[in-house]
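S.K.: Protein chains in written order, with our numbering: chain G, 1 to 230; chain W, 1001 to 1148.
It cannot be assumed that every hint is accurate.
With a straight-line cut-off of 27 Å between C-alpha atoms, the simulated BS3-like cross-links for lysine-lysine are [what the hints assert, rightly or not]:
(1) K22/G <-> K68/G
(2) K214/G <-> K185/G
(3) K144/G <-> K214/G
(4) K146/G <-> K1019/W
(5) K43/G <-> K22/G
(6) K43/G <-> K146/G
(7) K143/G <-> K1019/W
(8) K1019/W <-> K144/G
(9) K1059/W <-> K1042/W
Ranges of calculated distance between the beta carbons of each label pair, as one might list FRET restraints [to be verified]:
(10) E1065/W <-> K143/G: 35 to 41 Å
(11) L35/G <-> M1073/W: 42 to 48 Å
(12) H44/G <-> S1069/W: 24 to 30 Å
(13) L1037/W <-> V173/G: 47 to 53 Å
(14) A155/G <-> V1053/W: 39 to 45 Å
(15) I1060/W <-> I89/G: 28 to 34 Å
These are calculated hints, taken from the structure and not from any lab test.
Since the structure is predicted, the reported quantities are computational estimates derived from the model, not experimental observations.
Glycine residues also receive a C-beta, built at the ideal position from the N, C-alpha and C atoms.
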Amino acid sequence: MVDADVGLRNLDIVLGLESRVKHHLLDVLEERVSLDEALVPGKHSESLFLLAAAQSREKDDVETAKMKALISSLRERFDYVLIDCPAGIELGFRNAVAGADEAIVICTPEVAAVRDVDRVVGLLGNRFRPQLVINRLRPNLVKKGKMLSVEDVNAILRLPLLGVIADEPEIIVTTNRGEPLALRKDTPTGAAYHAIAARVAGEDVPAPMPAPAKVTILERVGSLFGGKRA
Amino acid sequence: MIEFLKKLFGQSGSSATAKERLRLVLMTDHLELAPELIEAMKRDLVDVISRHVEVDRDKIEVNFERQDSALAMLANIPILSVNRPNPSLTLVPVPEPVASVQPPVAANGAPPNAAPPRVRKRRKRTSKKAAGTNAAPASATPASAAAN
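Hey, can you work out the whole structure from these sequences and the hints?
M.R.: Now the structure itself:
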């Protein structure tokens, strides 16, 4: 896993690896350390390694050609190289995609996100065969017609759908602890992450759709008397 | 209760608004990002129109405008000259109503156009009233005569 968001390093803290990062992407690109020294082994998985972004540098400090070369050397060592692309369409984005051959675009069901994804997909072109992950979907809102549905989003973007992740409070809680929910297959959201991983690996498994939570009669009565509403 | 009534009368949620707004904004975005598409459209438009009238190619303006729930293309194409109507068309015998109405419209342009149709309509009505059931073929001839 390569964090290409130079200047805004975050994958380390999300994965609970922040205390183990000693060297970063630019240390490797500028040949201060070897790749092996910079790769941080994952806490929860033996096959996952993180190459952290530089925090005190800028995206423009990365040379596109060197980034491309780095990705191809990682490609020889690992089955999959995931590059976390920074937001935006500037040099940071171009550097992140330079060595990639596939793209997974993440979109939340909001107008601003859909518009941005449409633009990014236009920039990526056909070469990366972009696939779509819809993140932070709230099935209860969709049911009420208050949020764009998976179908609404993809009627506009028209991309192969890789998976859908619900906006679960559990994700915030587990991220607080640095233990990604994606690793817990026993929860519906964890299972959705696993399905995405399996589909990326080419397995023919269905993408589970988040279902609206069932509201009990008691809760419904409560909401009649001014209780909170979704 | 209000929620229920809204649902009952088919008022859609804000996601429908989001969808509609996205649809329009992406159309505009895609056009903005494809200047070559607009140029190609301009060229084709001019080619078609030039078959009939001579246009000022350098002063053509093509704009896109949001109109409520649709995107409209507005083209301003200055016309330099209009060819004399083809004589073979004007020489068509008067009783042919369709052919005799067409040439004056093309030759004179907009202003004279406004009056004749009104006259035509009125005459049609009055002749219908006067002639009764067999008015249809009879009313066509006075109408084309008036236009000429």
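S.K.: Look at each hint and say if it fits the structure.
M.R.: Cross-check of the supplied hints:
1. K22/G <-> K68/G: At roughly 22 Å apart (the allowed maximum being 27 Å), K68/G and K22/G satisfy the hint.
2. K214/G <-> K185/G: Measuring from Cα to Cα gives roughly 22 Å; hence the hint holds.
3. K144/G <-> K214/G: Measuring from Cα to Cα gives roughly 13 Å; hence the hint holds.
4. K146/G <-> K1019/W: holds (11 Å)
5. K43/G <-> K22/G: holds (15 Å)
6. K43/G <-> K146/G: violated (39 Å)
7. K143/G <-> K1019/W: The given pair, whose Cα atoms are some 15 Å apart, holds under the 27 Å limit.
8. K1019/W <-> K144/G: holds (15 Å)
9. K1059/W <-> K1042/W: Since the Cα atoms of K1059/W and K1042/W sit roughly 11 Å apart, the hinted pair holds (cutoff 27 Å).
10. E1065/W <-> K143/G: 35 to 41 Å: Once the Cβ atoms are compared, 36 Å apart, the range 35 to 41 Å for K143/G and E1065/W holds.
11. L35/G <-> M1073/W: 42 to 48 Å: With a Cβ separation near 54 Å, L35/G and M1073/W fall outside 42 to 48 Å, so the hint is violated.
12. H44/G <-> S1069/W: 24 to 30 Å: The hint (24 to 30 Å, Cβ to Cβ) is violated, given that H44/G and S1069/W are roughly 50 Å apart.
13. L1037/W <-> V173/G: 47 to 53 Å: The hint (47 to 53 Å, Cβ to Cβ) holds, given that L1037/W and V173/G are roughly 48 Å apart.
14. A155/G <-> V1053/W: 39 to 45 Å: holds (41 Å)
15. I1060/W <-> I89/G: 28 to 34 Å: holds (32 Å)
When each numbered hint is compared with the structure, violations occur for hints 6, 11, 12.
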